[in-house]
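Please put together the full structure from these sequences, using the hints given.
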Amino acid sequence: DIVEEEEATGQPQPLVAEVYFGLGTLLGLDWIRDRILELPRADRWQALARAALRDDLYRLHRALTREALRDPAPSGQVAVEHWYQRNEAAARRALSVLADVRASGTFDTTTLPVVLRELGSLAGDA
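Residue numbers (our numbering): 67 to 192.
No lab work stands behind these hints: they were computed from the structure.
Any given hint might turn out to be false.
Claimed, not checked - Have a look at the derived ranges for each label pair, beta carbon to beta carbon:
id, residue 1, residue 2, range
1, 171, 140, 19 to 27 Å
2, 136, 108, 36 to 44 Å
3, 137, 172, 33 to 41 Å
4, 147, 78, 17 to 25 Å
5, 140, 74, 17 to 25 Å
All residues carry an ideal CB built from backbone N, CA and C; glycine is no exception.
In structure tokens:
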């Protein structure tokens, strides 16, 4: 993902990596990935649903990274901060949905797609 976004944005790899991991931390994307990877794969449909969620998350993470790299910034941290400032209302809403799902303790193919959809609105995917 980092290499693809380096090529797509023309930004140096260390900056892309800093933004990628910064957004992942800020938005809980690693936590979401871990919940997706924990989903059962007892049959073909469960495996396909899990794979689709995982692919959607990775695509979303790349899109958010690209969006944060759109404006020049001296560091990845500053790029993430500027991105957050531009998207604060939507980011707070997405983080609230994520907090609700975390608090519910239910992480499945009904709750995780809702979180991804809400986060997708930050990348213009909604």
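Practice problem: Starting from the range 36 to 44 Å, see whether the pair residue 136 and residue 108 falls in it by beta-carbon distance. | Solution: holds (42 Å)
Exercise. For residue 137 and residue 172, compare the CB-CB distance with the range 33 to 41 Å and indicate the outcome.
Key: holds (37 Å)
Practice problem: Starting from the range 17 to 25 Å, see whether the pair residue 147 and residue 78 falls in it by beta-carbon distance. | Solution: holds (18 Å)
Exercise. Given the hint of 17 to 25 Å, check if residue 140 and residue 74 actually sit that far apart at their C-beta atoms.
Key: holds (21 Å)
Quiz item: Can the suggested window of 19 to 27 Å be confirmed for the beta-carbon pair residue 171 and residue 140?
Solution: Distance hint for residue 171, residue 140 is violated at roughly 41 Å.
This entry does not satisfy hint 1, going by the numbered hints stated previously; all others are met.
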